[in-house]
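Chemist: Chains A, B and C, in that order, give the protein sequences.
Heads up: the first sequence runs through residues 0 to 291, numbered per numbering that gives the first Met the number 0.
Heads up: the second sequence runs through residues 0 to 387, numbered per numbering that gives the first Met the number 0.
Heads up: the third sequence runs through residues 0 to 267, numbered per numbering that gives the first Met the number 0.
These are calculated hints, taken from the structure and not from any lab test.
Predicted, not measured: the structure shown is a model, and the values here were computed from it.
Do not take every clue at face value.
[Said to hold, decoys possible] With the Cβ distance kept under 7 Å, some of the chain A side facing chain B (calculated, not the full set): (1) V1; (2) W2; (3) V56; (4) F59; (5) I80; (6) S89; (7) P107; (8) V151; (9) T211; (10) V276.
[To be verified] Some chain C residues well away from chain B (every beta-carbon gap over 12 Å; in silico): (11) D84; (12) S115; (13) K201; (14) V251.
Virtual Cβ for every residue (Gly too), placed ideally from N, Cα, C.
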Amino acid sequence: MVWLLAGATLITTLTTVGILFSILFEAIEFFKVESFWYFITGTEWTPGVSDAKFGAVPIFTGTIIITLIALIVAVPIGINIAIYLSEYASGRVRDIAKPIIETLAGIPTVVYGFFAAITLAPFIVNVCASFGVEASFNNALASGVVMGIMIVPIIASLSDDVISSVPDHMRKGSLALGMTKSETIKFIVLPAALPGIISAVLLGISRAIGETMIVVMAAGLRPNLSFNPLDDMTTVTVKIVEALTGDSSFDSPETLSAFALGLVLFVLTLLLNIVSVMMIRKFKEKYKSSNL
Amino acid sequence: MSTHNPFFDPTLKKRHLADKIFKFVALSALLIAVSFLVIFFTDIISKGLPSYKQAYVNLPVTYNKDTVADSSYAIDEEHYELVSRAWYRDMPMYATAHPEVMNKTTKEWVLADDEVDQYLKGHAHTLTDEQKVVVDKMIKEGSVELQFNSIFFSTGDSKIPENSGFLSSVVGSILTIFICIAFAFPIGVMSAIYLEEFAKQGKVSTFLEININNLAAVPSILFGLLGLAIFINLFGMPRSSALVGGLTLGLMTLPVIIVAGRTALRSVPASIRQAAYGLGLTKWQVVKDHVLPLGMPGILTGSIIGIARAMGETAPLIIVGMIAFIPDIPTSFTQASTVMPAQIFTWAGMPEGAYVERVSGAIMILLGVLLTMNALAIYFRKKYEIKW
Amino acid sequence: MKFDIKTKARTPINANRQIKVQSEDLKLWYGQKQALFGISMDIYKNSITALIGPSGCGKSTFLRCLNRMNDLITGVNVDGKVIIDGKNIYDRDVDEVSVRKKIGMVFQQPNPFPKSIYENVSYAPIKHGIVKKGSDCDELVENSLKSAGLWNEVKDILKNPGTGLSGGQQQRLCIARTIAVKPEVILMDEPTSALDPISTEKIEELMIELRKDFTIITVTHNMQQAARVSDYTAFFHLGKLIEYADTESIFVNPKIKQTEDYITGRFG
């Protein structure tokens, strides 16, 4: 019986190994066509033409910029929600607010994508037009903002857990010195919770980089090396979807490029997740065996 | 009492102001999140509600040999373009099945073209000025109206907007989630039991734990790549099928169920285990008869949340081909099918306003299902929250 | 039972002693449950007053009333007066933040902040505007750590985290950071109950030292400690002040039977 249980547990390990290998094999095939070096440093992505080039830099910058916009939205909102819920809100407010935040987390990404593409992107275009600025209908801003709202609950609920687990005697120690509540939060509670909050943000970044539907629906398809958030941009996940849903045959370089991009995505999110898990473990150990 | 206040500190005014601002900023973050939800739901509902009604026109329909041979003659020329192409397509079959209508011209309600529907609902449309005059006249006569959109709830996808429905993707979702649960729940619970009750603490269990935590955060699209490589290319399972989609989602849901399961088992107090051991039961008996039943509510709560998430997932299913065009309701696990979020995705890419409306209508159904599941999970959590 | 009544120079008990803190008919409720029943007592300047009594007798609750720490607990209602320097700290125009600045507190569990030793001490004075960052601040940190008897042990590791110190050192760090704010009264809530005997002795010596500059009120479970360090002792039971006098009278010649029973270990 125990062996059966152990076998079941093995499936998760097999899944990780499976993901790694299913991506790795095809990615190796891809790097026979395009050099690894050009893939990570080249700025031209032209898969359709006869002399196809696969320089992924414009795809990476698109991913980075949309992720950055998402963080600019999600980090302040998420952390401030966590501060309000853990330090200020009464039990009743918490009981109402927590399910609301959980609702945000429960909205499928395809729905967020629809909202970004149909409501927010045209709204941004109109607002920009009224200031005489031209914005693309596939502007990175719309995807980024909606993605930010999508990761607010991740950052908020993890930070809330972490801030709540900062021992109360630290707050009392500061208040007893005649510090105000906000001073106590800013200078004692938040620094103490910092490793946990960073871990939450890293997890948010990992989610943003790997998010697919919002960008597939609202961001562009064109690899566009631009830093203007009102331009259209594309991301790693968009290109993976495009390559695998297109008409090209399975062993064409374009299809294989999806796996090379998948490999980048896997390695990057793996690193972020592991660092995040390690930090939160460290934080928990610190306050489990809190002084003495 | 003297009026002198030895506790008066002039610097405090500024500090208390900073205090208030800080609290206000924190509160406004919460309010921003809440107002986003309000805007979001208002937007979706205002776009989606009209999709539950559909325009029908009341016109004289001529059934005879000629019109059955070419149904475009069944409606007079003036109103020809106001009727759905789907109706023209289905009319001969209807006439064959109901010979009693033949050789008569009767006034009846027929499905209108989606542009008439959009015009009636006040949305953007492509009706010409002449057509508008005709429709306006019909409105006055009461021979065009919005009726309950039964097509939306009873059919599958269609290239004709007014004829497309959501049911095939609902059924697809049910089939897919069935596979997902059948795969992930037993394996997830078994893994949780193993890790929590049997595995020895050490490097291996730390590795397994980090691996599971990591897997829970791997981008879902990568599970799609895995499903494509393993289930379709390696095992040769049918592409676009509920089987492949369900297994892919199952692998994705597994870590969520394991984490929830472990937390639930851990919260069963040691005293219960000790009491059971005291009766001379074996470890397996203790777990099976005492620990597991007590942990079950927690496991179920976590699993419902994981399954709701799987139900809203699109990206990996696109990769395994579940965005196929599915007009008929699937009846087996190996048939090509689509799921609710994938249907939403395909419709969202269509140019016609009628599809935008249907997307919003479909989103309302999907959100209704998912939020009900989440609310159930929260309810169970509260109900079975036992303070040991 | 014999008590080692402290031999070190006691504050002479004389008519010139000054009242620093005055509690008048202080009552407190936790929700519906009353925890303090009209406590009235005068606490004298530059002395150590020990509050003793069995668990749940209200001595810690009373202590927390003196710097309004009870305000932080929801559902607490306080009635009565605590007069410090001629002003009731529960008056509407008194800010609890400035009360806590003037009346410092040291807790049962050493609770240094997860910051460097230096920052642990400098944090509050900078916020209060007592000093600015720089040499003034360095001096204040040094003096505070010296007063807390910790300077020699930490002067080379000021940048290390305060949480890395031993329990006794942590508690002296907490005392140092309290002193740094220059309070007039220091409340101590069982300051040594989490410490080993050697650390306890150091803290006790420190308390006697600090009495020169501060008024100290301490809650203790350890009657030997009350006898060793305090000038005055108050015995609490079931939310009431049973007996309050100079330490010698309480321990050698208690007037009330309950006090005697408690200090001789018959209950508690």
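Chemist: Indicate, hint by hint, whether the structure satisfies it.
Modeler: Evaluation of the provided hints:
Taking 7 Å as the C-beta contact cut-off toward chain B, the hint placing V1 of chain A at the interface holds, the least distance being around 5 Å. Taking 7 Å as the C-beta contact cut-off toward chain B, the hint placing W2 of chain A at the interface is violated, the least distance being around 10 Å. For V56 of chain A, the suggested interface contact is broken, since its CB lies about 20 Å from the closest CB of chain B, more than 7 Å. For the restraint placing F59 of chain A at the interface with chain B, the shortest Cβ-Cβ distance is roughly 15 Å, beyond the 7 Å limit, so the hint is violated.
Hint on I80 of chain A holds. Least Cβ distance to chain B is approximately 5 Å, under the 7 Å limit. With its C-beta approaching chain B no nearer than about 12 Å, S89 of chain A sits outside the 7 Å limit, and its interface hint is violated. With a cut of 7 Å, the hint placing P107 of chain A at the interface with chain B holds, because the nearest CB-to-CB distance is about 3 Å. At about 6 Å, the closest approach between the beta carbon of V151 of chain A and any beta carbon in chain B falls short of 7 Å, and the interface hint on this residue holds.
The interface hint given for T211 of chain A holds, since its Cβ lies 4 Å from the closest Cβ of chain B, which is under the 7 Å cut-off. Nearest Cβ of chain B to the Cβ of V276 of chain A: about 5 Å, under the 7 Å cut. The hint holds. The beta carbon of D84 of chain C sits about 4 Å from the closest Cβ of chain B, which is not more than 12 Å, so the claim that it is off the interface is violated. No beta-carbon of chain B comes within 12 Å of the beta-carbon of S115 of chain C; the shortest separation is about 23 Å.
The beta carbon of K201 of chain C is kept farther than 12 Å from every beta carbon of chain B, the shortest such distance being approximately 33 Å. Its beta-carbon lying about 37 Å from the closest one in chain B, V251 of chain C satisfies the requirement of being farther than 12 Å from that chain.
Checked against the numbered hints above, the structure violates hints 2, 3, 4, 6, 11; every other hint is satisfied.
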